[in-house]
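Q: Now for the letters of each chain:
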Amino acid sequence: MPEQNGNGKNGNGNRVGLLERVKAGMKEDVQSLKTDIPAKAKEQIDLLKDPTKTQVYTSIFRHKHDDTPRNRALGVLSNVFLHLHPAKINRDAVRYSFTWGMGGITFYLFFVLTLTGVLLMFYYHPSKVQAFRDVLYLEHDVPFGKLLRNMHRWAAHLMVIAVWLHMFRVFLTGSYKKPREFNWNIGVLLLVFTLLLSFTGYLLPDDQLGFWAVTVGTNMARATPALGHEGPFGKQLGMTPYNDVRFGLLGGSIVDANALLRSYIWHCIGIPIVASVLMIVHFWRVRKDGGISGPAPVMLASEVKEARR
Amino acid sequence: MADESKGILGHLPPLPRAALNNSVIGMEQAYRKRKGMPLLTEADIEALKAGEPMPWERGDGEPSSAPAPAGGVAPPAPAAAPAAPPAPGATGTMREDVAKWVAEGKKWSKSAIAAEQARRNRKGLPALNDAEITALLGEPLEESAAPVAPPPAAAPATPSAQSGPISDEVAKWVAEGKKWSKSSIAAEQARRKRKNFPELTDAEVTALLGEPAEPAAAAAPAAAPSPAARAAAPGAAPRPAAAAAAAAPVARAGASTKYVGTPAVGTSKAAAAGGVAAVGPEDNVVNQGRRRFAWTAVAAFLTAWFIAFFRFFLPRTLFEPATSFKIGYAADYGLGVDTKWQQKYRIWVDRTPDRLFVIYARCTHLGCTPDWKPSENKFKCPCHGSGYDSEGVNFEGPAPRPMDRAHVETAPDGQILVDVSKLYQWPKGQPSQFNEEGAFLRPG
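Residue numbers (our numbering), protein chains in the order written: chain A, 1 to 309; chain B, 1 to 444.
Simulated from the structure, these hints should not be mistaken for lab results.
Bear in mind that the values here come from a model prediction, so they are computed numbers and not experimental data.
Every residue gets a Cβ at the ideal spot worked out from N, C-alpha and C, and that includes glycine.
Be aware that a few hints might be false.
Label-pair ranges, simulated between beta-carbon atoms [to be verified]:
1) E181/A <-> F293/B: 55 to 65 Å
2) H140/A <-> R355/B: 42 to 52 Å
3) A300/B <-> A226/A: 34 to 44 Å
4) A73/A <-> K193/B: 20 to 30 Å
5) A300/B <-> T54/A: 24 to 34 Å
6) Y108/A <-> Q415/B: 34 to 44 Å
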């Protein structure tokens, strides 16, 4: 009937036709509300008995979870967090007696440091008035503040140690050699950034220890060749305590408010971003350079594959 | 095949050679795997560790004697060694490129061979050895009793289809114990062809059929790398005989749980026992319980941390302006609105002939601070124009109710004590709280 009205076959005219059409449409809608929606709801509830069949689940997980080599590989390949990793590795390559697990531990510590660091930022103001007070506040009043600060502190110390041990292991196993020369260099950069993170974090509590450490540390920058006012050729190139590299690092001629703020920004934003990018490259290259450099692979006879012709 | 730089010797240093350690042998094994070359057998490895020459390095053709390093061990990968074994009497074995030429079937003239020798000499390549020359000439050397047999063509043409190991997938099916019919194997072959997967090898088909392959029985003793077998066949050919080559896949299937090379510390014995590349802990009740315990611990740990982090966001101590403060004595305030605390405490002190109260300076529309307009005797909100009379009661604009009033009381020292954390309201259409005790003072 609505269609007839639409075609103008009904003598009541278009207006009435429209009204009737709307009415009929509404009726249909109400009917569908009464029948379709409960049916759909029932369908969805039935699906909940097997959640892997629901649209929500299938929209997230694109492949089955059966324990087949293919699915296990897909579990890595189709996951944005895991896809930097190889889908399969030689089981000997991850022997702790060989790798010491130091690279993984370093990354884990970086992860812990990021989490605890972000949380600490919620209570820390990088200003001369408030910085040390905030540290005391965190230590003595904020719920779990002492725990978080100490996790951050110890994880930082451990990360430096872990990075060195990782480097030591890579050296001992000769993993810096071809084809991993490039990744070794990335690793050296990461070592530098780790130490810089440690150094910039030193000043942040704004206590005597950090203050003097950074004072001494940045005093070394005075002797930078060409760029420091006490370094070779510095004077000749016009370097003074007010325009040399140390001045640029501290944002002043002494370790003061600007230095604190700069430390904070390098520590929390600048270096972590660069280090994260380098870490991504580092992990990616581990895979692309043939996986974790392993001890001589030992395989089962059943795993030996003929060459493809 | 005996090319010492890249032939079966792989990357091993040439003779004379010191005893090799595990890692060098392991690297060699890896190299061989990568290149698709036959892998070192256990006997080979023992020989290398002992610093003895490998069987194929004895180019004199004499059968290797007592300490035979490869005493009867079947070669793991005949596929990559299509060339013939050393012909008795001929010096050396045949390299791959020569084997190819031989397989092409064309007989070389002596001058062609001489030219090739010259080329090799020029290029610094090892010269053709007697066996190779013989094969290329296509005629046995006079002193050689046997021809260079079997000719390379006799070696499996498509080794990967003929022999080869049992893949993990098939090993799983076999482990399931069900015998496959020929038609289901055919169906699987068709599927693999369709999917471009490698076809089932003979060894796999045999394993799936659940019947032992006939050559296996014959070659088994020779193929078994056990010392007993070695003792039983001390005189066996050091290197692949044709039969051994044919039997190799089966032998490999039998040795699928055996490590090639030195078993590494920390590798899974379970993997070895299961004959599969990767197995986790058994799925038994105890392990299920352990797994559940471990996951419960992880979940509890994360939950505890989540709660801790949540609590972390709720500080115990605040450094905010006090909500309760003194504003002097009632006598300090004359009739009307006093704005002197607006900046500091966000309040106006308002005095009528009989009451003194404190208006909290927040528009009831959306929370801006209105301005007191003395000339118009009203509060006017700059945001959306709400207007309030001198007692903070709305009369124009979108404000829904009069401005709230703060709690006031007389402190023991006689000063007025204001508490803006306790507010009195007059919501629209509801009774006013402005007459409650604490909402105003009656200055004496």
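Q: Taking the Cβ atom of A73/A and the Cβ atom of K193/B, is their distance within the range 20 to 30 Å?
A: 22 Å, holds
Q: Holds or violated: 34 to 44 Å for the Cβ distance of A300/B and A226/A?
A: 58 Å, violated
Q: Range first: 24 to 34 Å. Now tell me if the beta carbons of A300/B and T54/A are that far apart.
A: Since the Cβ atoms of A300/B and T54/A sit about 28 Å apart, the hinted range of 24 to 34 Å holds.
Q: Could you say whether the range 55 to 65 Å given as a hint is met by the Cβ separation of E181/A and F293/B?
A: 45 Å, violated
Q: Taking the CB of Y108/A and the CB of Q415/B, does the distance hold inside 34 to 44 Å?
A: About 59 Å separates the Cβ atoms of Y108/A and Q415/B, which means 34 to 44 Å is violated.
Q: Do the beta carbons of H140/A and R355/B sit within 42 to 52 Å of each other?
A: For R355/B against H140/A, whose Cβ atoms are near 46 Å apart, the range 42 to 52 Å holds.
Hint compliance for this structure: hints 1, 3, 6 are broken, all remaining hints hold.
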